[in-house]
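J.: Using the sequences and the hints, build the whole thing.
Numbering (my numbering), first residue to last: 1457 to 1530.
Honestly, the hints are just simulated from the structure, not real lab data. Not one of these hints is a red herring.
Under the rule of at most 20 Å between Cα atoms (straight-line distance), these lysine-lysine pairs were calculated in the PhoX-like manner:
# : residue 1 : residue 2
1 : Lys1520   : Lys1474
2 : Lys1530   : Lys1470
3 : Lys1470   : Lys1520
4 : Lys1472   : Lys1506
5 : Lys1470   : Lys1506
6 : Lys1506   : Lys1474
7 : Lys1474   : Lys1530
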Amino acid sequence: MPLEVNIGSVVTVKIKGKFQELQIVGSSEVDVAAGRISYLSPVGSALLGKAVGAQFGVELENGKLVPVEVVEIK
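T.: Written out as structure tokens, the structure is:
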């Protein structure tokens, strides 16, 4: 199991109390409905380098701060 989130990682996160599995991908591979988000997106860039157990807030484009927790990295 990887120690930190990198491009290509599949990450289980808890966002606003809900668990989601996300894959961090390049811009040309984005498919939000399939859980593939860009490493340049607010959530994707905030996840890079984080380890399991990391808790942090992500400011979205609309100005809202969303709490995120890294649960698992594959």
